[in-house]
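Enquirer: Below are the chains, spelled out letter by letter.
There are 2 protein chains.
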Amino acid sequence: MTTDTTAQLAQFAASLKFSDIPAPVLRRAEDLYLDWFASALAGKGARPVESITRFMRRMGPDSGPSQILIDRSSSSPLVAAVANAAASHFAEQDDVHNGSVFHPAAVVFPPALAVAQAIGASGADLLTASVVGYEVGIRVGEFLGRSHYRIFHTTGTAGTIAAAAAVGWLLKLDATQMRHAFGSAGTQAAGLWEFLRTAADSKQLHTAHAAGAGLTAAYLAADGFTGAQAIFDGKQGMAAGMSSDSDAAKLADGLGQRWALAETSFKYHASCRHTHPAADALQTLMREHRIAADQVAKVVTQVHQGAIDVLGPVVDPQTVHQAKFSMGTVLGLVAVKGFAGLTEFDADYKAAPVVAFRDKVSMVLDAEVDTAYPARWIGKVQVTTTDGRQLAARVDEPKGDPGNTLSRAELEDKAQRLAAYRGGATAAEMQTVIQQVWGLAQATTVPRFLA
Amino acid sequence: MTTDTTAQLAQFAASLKFSDIPAPVLRRAEDLYLDWFASALAGKGARPVESITRFMRRMGPDSGPSQILIDRSSSSPLVAAVANAAASHFAEQDDVHNGSVFHPAAVVFPPALAVAQAIGASGADLLTASVVGYEVGIRVGEFLGRSHYRIFHTTGTAGTIAAAAAVGWLLKLDATQMRHAFGSAGTQAAGLWEFLRTAADSKQLHTAHAAGAGLTAAYLAADGFTGAQAIFDGKQGMAAGMSSDSDAAKLADGLGQRWALAETSFKYHASCRHTHPAADALQTLMREHRIAADQVAKVVTQVHQGAIDVLGPVVDPQTVHQAKFSMGTVLGLVAVKGFAGLTEFDADYKAAPVVAFRDKVSMVLDAEVDTAYPARWIGKVQVTTTDGRQLAARVDEPKGDPGNTLSRAELEDKAQRLAAYRGGATAAEMQTVIQQVWGLAQATTVPRFLA
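Protein chains in written order, with this note's numbering: chain E, 1 to 451; chain B, 1 to 451.
No lab work stands behind these hints: they were computed from the structure.
All clues stand as given, with none of them false.
Quick list of simulated restraints, FRET-style, between CB atoms:
(1) B:T426 with E:R150: 54 to 62 Å
(2) B:K17 with E:E263: 53 to 61 Å
(3) E:D245 with B:G312: 40 to 48 Å
(4) B:R258 with E:G306: 46 to 54 Å
(5) E:A427 with B:K17: 54 to 62 Å
(6) E:K235 with B:G423: 32 to 40 Å
(7) E:A427 with B:D62: 36 to 44 Å
(8) E:G224 with B:A356: 33 to 41 Å
(9) E:S63 with B:T198: 36 to 44 Å
(10) E:G224 with B:V320: 14 to 22 Å
(11) E:G224 with B:S63: 25 to 33 Å
(12) E:T426 with B:S19: 52 to 60 Å
(13) B:S63 with E:T426: 30 to 38 Å
Bear in mind that the values here come from a model prediction, so they are computed numbers and not experimental data.
Just so it is clear, CB atoms sit at the ideal spot from N, CA and C, and this is done for glycine as well.
With the rest of the complex left out, here is chain E (with noise of 0.2 Å):
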């Protein structure tokens, strides 16, 4: 066996057959297609996220064989991969992989959805090629480490050798063409985090990008167009440019036995991370002693220091961000509306209920829970009712992460949530793009969503 992981990757990512992917895996990859779907239109009527969009069906053809999600026009694949793209990563509820800190529905999904309506594929096709782009664009995030991240969003550059191996699958790319189009996806990678420091909107161009370039990357491969054929760990590639921790071997991790896709986290709460523990275990809780809000008189949540250092000084959150690291909003949100979702931030971080839920909210510092932080983000909370019960729940993992995650329900009820947050869709319309997915394997053409 070679010891060249970028030959082992572009292999694998040029000869992935559907049947070689686990029953579980390819269900889990379902999951996070309808996930990402509903993200996107989360996205509608954001301004950058419009922006870009009128930007690209402005320099694009008006009509063509890929779907824009937000306004369900149609134009080239490039167009509707770079749109789609801006859109999934706006509302932040689209996926992540805890391990290589990386967004791949965002990048994945879009351009390979575009392409595969472009090209008449199946939807087997659809979900190999997103598979494809998953295995490939999180071992990538993985090789280039955390000194990367300090300074690229690894979501940009990483993500745009994700969208070329998607996209390349489809367009059956062999081995020899992929590894051109790793390399010139990773000439083109790029997204610097300096834009936070002013709350900027490169976010949505940074997932249009990567989708944009890796796209453009697969179909010059697929032309004859060469590229780098180390673009990885060559003396000028990636890693020489933009890591000083990047472990080569990581590229070819557990090919063809661990599935990167299958570790990839939903987010369930719309609130900062350091909240989950404790909301998963009140939610637990209350639905496991039948408890309703108003029968709350006093919740305490153990935490890690972490969570006291960013969440306390939060006590009166007077904007919906600020609401999100308020962890007696967010319980109360979950305790009164059953949800911490985008639509219960906007409406009603500051009923009068949800107020008064959250100042019975306490934190301390709990020694196990210290302990295990970060490696496990253990919930556990204390309640005392107003009869007087003393009550506990405890939550091993955080909702949405492999070992708790969502159920089909869960990811359902999530989705109309989604589409309902900004208008992107009916519940009927979406009653009907869920059944589109589950059924995709089976999908002969990759069909026409929200038609």
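Assemble the complex: chain E is given as a structure, and chain B must be docked to it using the hints.
Expert: This is chain B only, laid out in the frame that chain E set:
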């Protein structure tokens, strides 16, 4: 005056007026435009150029306001800018700014022309926008420094900002919007030298990508899209990620007084740079003394050590590429054909009179030339004629550099040769183009070239 050099650069780029530009700089901008236009035509038929153009045409509209030069079709500004940028640098006869090691024309003129045609701008507008692109891009290249160039292709990275600046000026961005455009361009800036190791096609992709991403950044900024404020020197900006010797002062170096555009060199001979000083000296000698090739018995070129190291091994070149590293062949083409251009290399590098002349040429190390290098590239030759005369000539600055620039007659001649090289345009067509370019400053709208 602010010490925020990014603000100063954005202010300059947004507010430069046609009337601010000294007449010699404007004339040089016209020179550079003609030189670029012909360089782009010389990319016609080249596989990587045709590949990128085919892809963009497939993804874009069938018609539009902006010309694609190599096939005279039209499309949207994005499609035309990307296609023309891909074509500009293929023949490697386009311009170069020595201090920043940056090829401005290839990334400035394609997006500037495409957008000028789309918005009905005047010739003066196109020239002013192009000057802005040169001034900004060269300074960003100087800012990024030598450490950047070791891994990154500055024409790809700084080129993205140059393209954004030129297009941003045409779209009438104010200084605040221009700074946002810089941010959106810089966060997409990319281009790695790794492709050189296997002579892959990435160079064409780098100029194409820079033009497209920069144009995108400017259009988005005009639509209110925001970018990083400190994209150059911020803690997670371009220099933090991609340079170890950046100097923020260079971003604003001499703005409005120093015209970096006028420092840009034209390429004259289509050969390795180390052959140019001797070729210039021989050409001077043969003209001054009215010597024909068959009157030359012996040529001794007095060179620096680097020339001997690089060119010495090439005694009997077997390919066009090798011939460009053969001092004897280059001087043979100059002596026999009068010019060592692309066409001459292709057709005559093995022609008997050229080979005969080649074998009369030798190199010797010269102390003065070697000491002056690399700050100055002095050319010295000694010729013995068949009738026994001893002649000598020297050139203190290579032809095409600012102190020994090309005359308009020489530029027209070079442009005609480049246009003819791959059949990009007829001589008559180019004569019209030449008149259009010399009249650009007076044109009320940018004409359709090669109509």
